[in-house]
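Enquirer: One letter stands for each residue in the lines below.
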Amino acid sequence: MKSIPAVVYREYLLRTTSLTWLFFDLFMPLIYLLIFGIGFDRALSEGIMMEGQLIPYNEFFLGGILAMTSFGIGMNTSYGFFMDRDNGIFYEHLTYPMTRGEFLLGKVLFNCVIATVAAIIALGLGSWILGISLSVAHLPLVFVGIIIGTAGWFFFLMIFALRIRRNDMYNTIINLLYFIMLFASSLFYPLDLLPSWLTTAALINPVTWQADFLRYFTIGVGDLPQIMLQSVYFLIFLAVSFYAGTVIIRKIA
Amino acid sequence: MKSHYAIEVVNLTKMYTPRGKPSVHALKGISFTVEPGAIFGLLGPNGAGKSTTIKILTTLTPPTSGRAVVNGFDCLHQPLETRRSLAVVLQQNAFELYLTVLGNLRTYARFHHIPRKEADRRITEVLDQFGLYDERYTHAIDLSGGMRRRLQVAKAFLSGKPVIFLDEATTGLDPINRRTTLSAIREQASKGSTIVLTTHLLDEAEDLCDRLVIVDHGNIIAEGDLHEIKRLGVPAYTLNLIFRNVSPQTLQFLKAQNPLHFKHNDTAADITLQRSHQQILDIIGELDRHHDLVHFEVHTADLEDVFIDLLSRQKEEPV
Numbered sequence: 001m002k003s004i005p006a007v008v009y010r011e012y013l014l015r016t017t018s019l020t021w022l023f024f025d026l027f028m029p030l031i032y033l034l035i036f037g038i039g040f041d042r043a044l045s046e047g048i049m050m051e052g053q054l055i056p057y058n059e060f061f062l063g064g065i066l067a068m069t070s071f072g073i074g075m076n077t078s079y080g081f082f083m084d085r086d087n088g089i090f091y092e093h094l095t096y097p098m099t100r101g102e103f104l105l106g107k108v109l110f111n112c113v114i115a116t117v118a119a120i121i122a123l124g125l126g127s128w129i130l131g132i133s134l135s136v137a138h139l140p141l142v143f144v145g146i147i148i149g150t151a152g153w154f155f156f157l158m159i160f161a162l163r164i165r166r167n168d169m170y171n172t173i174i175n176l177l178y179f180i181m182l183f184a185s186s187l188f189y190p191l192d193l194l195p196s197w198l199t200t201a202a203l204i205n206p207v208t209w210q211a212d213f214l215r216y217f218t219i220g221v222g223d224l225p226q227i228m229l230q231s232v233y234f235l236i237f238l239a240v241s242f243y244a245g246t247v248i249i250r251k252i253a
Numbered sequence: 001m002k003s004h005y006a007i008e009v010v011n012l013t014k015m016y017t018p019r020g021k022p023s024v025h026a027l028k029g030i031s032f033t034v035e036p037g038a039i040f041g042l043l044g045p046n047g048a049g050k051s052t053t054i055k056i057l058t059t060l061t062p063p064t065s066g067r068a069v070v071n072g073f074d075c076l077h078q079p080l081e082t083r084r085s086l087a088v089v090l091q092q093n094a095f096e097l098y099l100t101v102l103g104n105l106r107t108y109a110r111f112h113h114i115p116r117k118e119a120d121r122r123i124t125e126v127l128d129q130f131g132l133y134d135e136r137y138t139h140a141i142d143l144s145g146g147m148r149r150r151l152q153v154a155k156a157f158l159s160g161k162p163v164i165f166l167d168e169a170t171t172g173l174d175p176i177n178r179r180t181t182l183s184a185i186r187e188q189a190s191k192g193s194t195i196v197l198t199t200h201l202l203d204e205a206e207d208l209c210d211r212l213v214i215v216d217h218g219n220i221i222a223e224g225d226l227h228e229i230k231r232l233g234v235p236a237y238t239l240n241l242i243f244r245n246v247s248p249q250t251l252q253f254l255k256a257q258n259p260l261h262f263k264h265n266d267t268a269a270d271i272t273l274q275r276s277h278q279q280i281l282d283i284i285g286e287l288d289r290h291h292d293l294v295h296f297e298v299h300t301a302d303l304e305d306v307f308i309d310l311l312s313r314q315k316e317e318p319v
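Chains as they are written, first to last, in the numbering used here: chain A, 1 to 253; chain B, 1 to 319.
Any given hint might turn out to be false.
Think about it this way: if two alpha-carbon atoms lie no more than 30 Å apart in a straight line, the pair counts; the simulated DSSO-like pairs of lysine-lysine are [unchecked claim]: (1) A:LYS251 x B:LYS28; (2) A:LYS2 x B:LYS117; (3) A:LYS2 x B:LYS191.
Since the hints were derived computationally from the structure, they do not count as laboratory data.
If we strip away everything but chain B, and leave its shape as in the complex, we get:
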């Protein structure tokens, strides 16, 4: 029976056994599902198993055990059908160095069996979308790093496949290129593509992803939408404080709260604290009564704080 999920991973394990070295247990039995049309984030520190998961789902490497299904096709037993359903932007750069931008896109279209007229239409679209039109006759080897990365993403979006994997697609991009790429990801998802992305930029995951999974040492340590993930961490709040004057006593008081982050100047301070909301209100009350507080704003912790907290706890209590 075909799964209704775009991606289904069940007890996936992967063991690498390099010659002459100890085995590496890259994945230790992870399971998750991705709904069709969702933007799904796979987060984790370096070496967590994110890229291994992507490699298994894109049929680059077989799993040691478990099941990985993409668009209803088993990655191990139906690799060709699986590959027909997906496009991928790999973590490393990947382009035809000695072909032009247009040559890269045309070759890619041929490999994905896109008819010529349709390919030309889509190529024009992605050239515009990724700001590559003026560089269409430039050889890939002569492009800047950011342009090359954009070309890679443009190829994946050219394919029109139902599932797209982006393995750190915005790494190395400047803010403008990054924004272009993120907009393109949103647009592609709005057309119905399921997008799985890995990223180290947690603000990007926070901005884009419908659901997230946090992986560490081959295990899933958190799964859910953004709010569910944030609730898993110890509550944390960021206070933006404005004073008439930040006195040494005020500084001492704030530092004594053991903040996660703290920065200040003569009249302002930003501080992130892991406290309950009542405790936060108490601290603000104290600042207002005794420390010349003029204005304050309170924000819940961002994903990065939760991420670091979860990983720290994982180190203390490993799965």
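Bound conformation, chain A alone:
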């Protein structure tokens, strides 16, 4: 296990000494929250109807922002993976004295740490600037949702980085995934406002499962039995992505 700190150190050096990485990891979702969120909050001044109650859009959106943070960090790591393959260092990593498991664990551990930091910032700013009242007793579960979600996205998005060789193809697919998965979900809006085909697509989207979970445990709004079932789905998604990712990395060279 002594290679895991080396992997974490490498990720730390790369991701925290570059303003670009820091921006996309930590601050991009906040821009959505503080600009997009505020704009829609004003536009929907009466709030969003959810589970029979009207809630301010910002409060509704915070859960989605936390899910976006997880997904975004997974996407950034996937991009980093792709670039590492492209410039050859990934293959050199595979010759280092560590198992493939240690390599992946180190990466996912770093991702979970940075997602937690980003979530703390989002929750802090959401509470302080936007006046969102949080369900404090449930915050530990929020962090559980962030960590498991980040791990799931890491393994899922890693598959594309390891399977696609061409830069243009990778960028197209990842951007499509970003757009479809974030917008065909409950991240930005409640699903009952959507046409039935879009609702169906959103219900089978892991972003929805994560956003609903985080929303419930930040502001206490949502269908708890449905959320618990969706959590099981997400764990299955994580397990399948993990398995696929580890099989691919073993065959990669």
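Go by the hints and put chain B onto chain A.
Expert: Quick look at chain B alone, frame taken from chain A:
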């Protein structure tokens, strides 16, 4: 029982089966050994199977069949122990683009579990050895191609591992950088490391390697030290000739010998011929008697001539 060889390869085969394409038989049962502390050359044309062999020995890809052992550890069944014994410079560039030279070396040291103080000492050493000290705070992305390649080699030598693989490590280097790298390879070998290198630069292999293996289409076609390899080729000699004047008759005579290489100016000619040494003496005698020969030197063929000869014969009589 642990092998006493640094590297042992027994009947190694590798088949690639790309989707929708015919299978590629990259290695067809090669076997060789490398003594500890030796500099071993793996030569061959493009697509011969050299890089596939390196990938198997560095656990990047498993063999289809056969056995590959590095420092006593089986590459397939003991990959982690194998990787603990080796460092590798891959054929493609490989560095942390967005880290500095120092960041690259420190990260590498951490991955190889080198304690901090020892890592700092070794990093200072390799920075000096490879002329990277002034660039230590430069990001790898801002380095020239030659500097990046030097950084890659510097990392491998930083590790202090008993076995080091260099897959075309000097490709793309200018003569000065190349000389620095070759000196570093010799120095590393003198410290006891076993070095396996692949190269297209046969003068480099001739200069450095204790033993060589020539691979073609997945088979070994020649193996031995430099003299043994040279004896496998049809004898060839290079004559450096100086005349009072290279006349048209002299030119005609020399061209009629079917040389492997031939160049000339008004007073000199260099010619490489595949002949026995007695035949060479006869030709020199003829030049001396009838063609105003003033001075001559004779050299045995270099490795490149033998290499080309062996590959040509391999095409005519494949293994």
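Enquirer: Straight-line Cα separation of A:LYS251 and B:LYS28 no greater than 30 Å?
Expert: 21 Å, holds
Enquirer: Between the alpha carbons of A:LYS2 and B:LYS191, is the straight-line distance 30 Å or under?
Expert: 28 Å, holds
Enquirer: CA of A:LYS2 to CA of B:LYS117, is that 30 Å or under?
Expert: 18 Å, holds
This entry satisfies every hint, going by the numbered hints stated previously.
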